[in-house]
Amino acid sequence: MSFADYYAILGVPHNASLTQIKRAYRRLARLYHPDLNRQVHEEHIKRLNEAYDVLSDFRKRAIYDIQQLEEMRHAIIMDALRRQPRQALHRMSWPEGISGFFRELKRGLQD
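Going by full-length UniProt numbering, the sequence shown opens with residue 1, and the numbers climb by one from there.
Keep in mind that the hints were calculated from the coordinates and are not lab data.
Here the structure is a predicted model, which means the values were calculated and not measured.
Among these hints, one or two may not hold up.
[What the hints assert, rightly or not] Capping the alpha-carbon separation at 25 Å, the derived lysine to any residue pairs in SDA-like fashion look like this:
| no. | residue 1 | residue 2 |
| --- | --- | --- |
| 1 | 22 | 52 |
| 2 | 60 | 71 |
| 3 | 46 | 93 |
| 4 | 22 | 63 |
| 5 | 22 | 62 |
| 6 | 60 | 106 |
| 7 | 106 | 84 |
| 8 | 60 | 21 |
| 9 | 46 | 59 |
| 10 | 46 | 66 |
| 11 | 22 | 12 |
| 12 | 46 | 62 |
| 13 | 22 | 79 |
| 14 | 60 | 81 |
| 15 | 22 | 46 |
| 16 | 22 | 11 |
| 17 | 60 | 3 |
Construct the entire structure; sequences and hints are all you get.
What follows is the structure, given as structure tokens:
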């Protein structure tokens, strides 16, 4: 599930304040307004409005940031799994798993 990077659409950093977001939106809305710029597609204006709608609302922005972090985490894990050679994926037998569990449990109790 890949979704648009609203921060990139508005051209603001991820830690931008509401004032910075509003200023960037107004500048871009004026720049890409259909009455002033005939070459702009309606889809671009819709993405700009959607980005501002999400980033200007505190709750929507928090949910968006969490989803973006989850997507990045998933991509990193999948990339690491793809890079791992097939021989390194060792399946443990049941007794090996139990002994490893107790070994880690013992180590945790000692710490």
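A quick look at each hint next to the structure:
no.	hint	result
1	22 x 52	holds, 8 Å
2	60 x 71	holds, 16 Å
3	46 x 93	violated, 55 Å
4	22 x 63	holds, 19 Å
5	22 x 62	holds, 17 Å
6	60 x 106	violated, 44 Å
7	106 x 84	violated, 29 Å
8	60 x 21	holds, 14 Å
9	46 x 59	holds, 21 Å
10	46 x 66	holds, 23 Å
11	22 x 12	holds, 10 Å
12	46 x 62	holds, 21 Å
13	22 x 79	violated, 36 Å
14	60 x 81	violated, 32 Å
15	22 x 46	holds, 16 Å
16	22 x 11	holds, 11 Å
17	60 x 3	holds, 14 Å
Hint violations for this structure: numbers 3, 6, 7, 13, 14, all remaining hints satisfied.
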